[in-house]
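**Q** These are the residues of each chain, in order.
Number of protein chains: 2
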Amino acid sequence: MVSWNNLDTLTSYKELQALKGRVNVAEVMSGENGAKRVKEYSVPMAEGLVYNYAAKEVDDTILAALAKLAEEAQLSEKYKELYNGAMMNTGEKRLVLHQLARGQQGDPVIYDGVDKREFYVSQQNKVKEFADKVHSGEITNAAGETFTTAVQIGIGGSDLGPRAIYLALENWAKTNGTLKMEAKFISNVDPDDAAAVLKSIDVSRSLFIVVSKSGTTLETLTNESFVWNALKEAGLNPSDHMLAVTSETSPLAKSSDYREAFFMDDFIGGRYSSSSAVGGAILSLAFGPEIFARILNGAAAQDATAKNEDILKNPSMLDALIGVYERNVQGYLCTAVLPYSQALSRFPAHLQQLDMESNGKCVNRFGERLNYVTGPVIFGEPGTNGQHSFYQLLHQGTNIVPLQFIGYRNSQIGMDVDIQGSTSQQKLCANVAAQIVAFACGKEDENRNKNFEGGRPSSIIIGDQVTPESIGALLAHFENKVMFQGFVWNVNSFDQEGVQLGKLLAKRVLAHDTDGALKEYSDLLNI
Amino acid sequence: MVSWNNLDTLTSYKELQALKGRVNVAEVMSGENGAKRVKEYSVPMAEGLVYNYAAKEVDDTILAALAKLAEEAQLSEKYKELYNGAMMNTGEKRLVLHQLARGQQGDPVIYDGVDKREFYVSQQNKVKEFADKVHSGEITNAAGETFTTAVQIGIGGSDLGPRAIYLALENWAKTNGTLKMEAKFISNVDPDDAAAVLKSIDVSRSLFIVVSKSGTTLETLTNESFVWNALKEAGLNPSDHMLAVTSETSPLAKSSDYREAFFMDDFIGGRYSSSSAVGGAILSLAFGPEIFARILNGAAAQDATAKNEDILKNPSMLDALIGVYERNVQGYLCTAVLPYSQALSRFPAHLQQLDMESNGKCVNRFGERLNYVTGPVIFGEPGTNGQHSFYQLLHQGTNIVPLQFIGYRNSQIGMDVDIQGSTSQQKLCANVAAQIVAFACGKEDENRNKNFEGGRPSSIIIGDQVTPESIGALLAHFENKVMFQGFVWNVNSFDQEGVQLGKLLAKRVLAHDTDGALKEYSDLLNI
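Going down the list, the sequences are from chains A and B.
Here the first sequence is numbered in our numbering, starting from 977 and rising by one per residue.
Here the second sequence is numbered in our numbering, starting from 977 and rising by one per residue.
If several chains are the same, the list does not tell them apart, and a pair holds so long as it fits within one copy or across any two.
Below are the DSS-like pairs computed for lysine-lysine, each with C-alpha atoms no more than 27 Å apart in a straight line:
hint, residue 1, residue 2
1, Lys1044, Lys996
2, Lys1175, Lys1150
3, Lys1044, Lys1012
4, Lys1208, Lys1150
5, Lys1012, Lys1483
6, Lys1015, Lys1483
7, Lys1054, Lys1283
8, Lys1109, Lys1208
9, Lys1069, Lys1056
These aren't lab readings, by the way, just hints derived from the structure by calculation.
Next up, chain A with everything else stripped away, as it sits in the complex (with noise of 0.2 Å):
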């Protein structure tokens, strides 16, 4: 049985808070024994990644010490009590299953008599079969023609996630032959986002995935309207354009207003849905099942190494710990999250919304308010964009904020040129491994003002391409790395109560039911 306590009455956490400052990055990643560090510093990902933290602020010391609280923690352990099923989203009382979704980690997970892994796996082969369909022209407009775009209507974990992973593979498809359907998403209630999208494109021969799990998100039912007004003004019947993905006890479920509705249920949060039908309708559609089953795989590979009981061996166990020791023993607030890579441009959106979203609580799985910080805020921008940006800050501010780089060997399209002697991909690569140096060691200038005092911690997940296995991957490494932080800090990962009173005061505002700051705020607005 596990025990759920508060970090600050951890033995290994008063330990772990004595070696505060203990390693000098500048000093360490010099020389010889940076060099040597870089190499024992690594531990290989799922799908041929590496997570290598040779530039955090860790020695042995350090290392033994988070071994000893990941195990007072007993985060092993956790993690199996979840994917075996236990209630660990408490605030909703809900079982947290989106491991599930992509495989089977420990026991058959069976709830009100159904075995939770098969009913995934039921709606996979539902989108398959709908997307096969789709793609072979057997389901077609009220015309006979094709379908050729997708478009996702849906916010928040409906959006960010499918279209991180979406524009992560899109060049990657039409390189590889397998991009079916174009994507587009909307997803804001500002009116100009649909009307955009919809400008773009051909209504009659696109199909859109309503996606809402309670079936009442305010801006994904606009949106739908919104979008069913168009097609109705396009003289289509506007039900054989329109899918849903929700819960089976949605209003959405059982309306004849969709031509297919794909389902997913309670025991998957929003930010954690790519692996299900939120990702499966969009992602099978854009770019074939197939590839959306090698998403999963690669996925569910890293979950695998979760279980792993030696943080050395765990790196998402190990980030997630070394996250906690920059967080609540050195203090820092922020960490930027930067891919070397075009195809993760909305990647750190993805990543922003996970963790800031399942860790940014203050209270403990009991409700009780804790005393000691939790989630960081999470920000990026792909490399080298941001080297010309943001990056004067992280170098010569007067905060420190710890790193995540990603990097990958290759590029995805294959054009390339050679100039000065080296590829743009090599440019590319010979950037991430500088700024980690950079970062790192620093550099004396007797001008203070070109002055670099280093340590500045970093750590980078490397890889050879983005691949749809490697992709998953990445992204249960995230997943997985958020859910162990919050098994440390005894905090409940997966619900997300900050966002209800902001609805509740927007519907006053909308009926006219405001008195105070609100009213005047709303007079501003014209509303």
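Here the structure of chain A is known, so what remains is to put chain B in place on it, guided by the hints.
**A** Only chain B this time, still in chain A's reference frame:
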């Protein structure tokens, strides 16, 4: 004569520090007092925008202290010196003239015998003449066809600002019939960036604008060669399709590789260069030179408001000072920028560069290490999307993150739908009003998981619509805010030495001149 002093030497700063924690936002924003604050704590900007700071942690006492700080730090005098042509960029020994590119705020600025205002206007006229000929069909490709697409090749400031403004006005221009050419952007040295753009356009009908002040930016020159090859492979004469925006002394300036070259000078830094030919060429080609002129007019009008010595009538100075209070007295590290407008989807990325590259410095203008914190970490995404993502941490996380909302009463495209008694635009506005109050006031709940502590400060900039004038004013507001904060912190906001070390080390990697950790990372990445 102005004098430059560190913030912690100023008497008014010590007085300000004594006011730490004075205002409880949850308290002051409740009830009738909240309504009063919304009405009173509001200051007009240019072009119909309003800066409202009711939900910030200030009161009349703190505002009085900030006014004293503004006076002691000589903010107005320093701005005056700047626009009158003093050498404000002390590190690089340069004038700072981006405001002059859009209007004459003070005396004529003569440098090396050249009236710099006349120089900027002459380049605007040169761009206008060229763009008009492209639009009229006088300038065509070799086959006599009109050009339909303009592609900016630039990185950092040559990319983020112009791209953010293009996206801000693209749908406005389409709706108003002034979109002359589609604009695309190539920035990253990742070869997949250039390849994907090239695959998405008809290169034979595209003009490429190579933007590099020095003519030596690695990414830009690499991508230029990339495009050059593609044009040759398409059987075209590359120089028919290539334009340059560069300084008169750069290697690009007199090359016959370009159909036309437009000039900038050393007195406008990259992140401030949207108002120069860097923004001028691409935006004039995309929207027409008249629209670009309207953007400049909006910016110049906002620059004029920044001259007001009364901080309560100077929104940019006031915003800057409140930011200093939050950063140096209250101790907040981050600021989230949250535009409730899909058109501003990349505006936070521009502000991230503008702010973090300008003030992410730990030495003062004389190269001395500072003992107080400077520029914040900036991040953000459009609302309502962010509400379904990282707002959880903003509402219920363990750290306070000050918020900068931006909202508009009207959409750009004008397509909308009425659902449950309100339009999408009304829902969008209702949400931003609701969020300000939710963050400020919170809401008690016995279930602490659903409890909102409130006390999370924010301000909002409100306008009618994202138009050329209002986006110009918004751009200038933040430029001037950052400038005033740099004055207060006594840093040089106009250089970026923090980007140099990485460049240097990347060159060593490409030359295989590495050892230690750098060699190991290079090996891992197969360089």
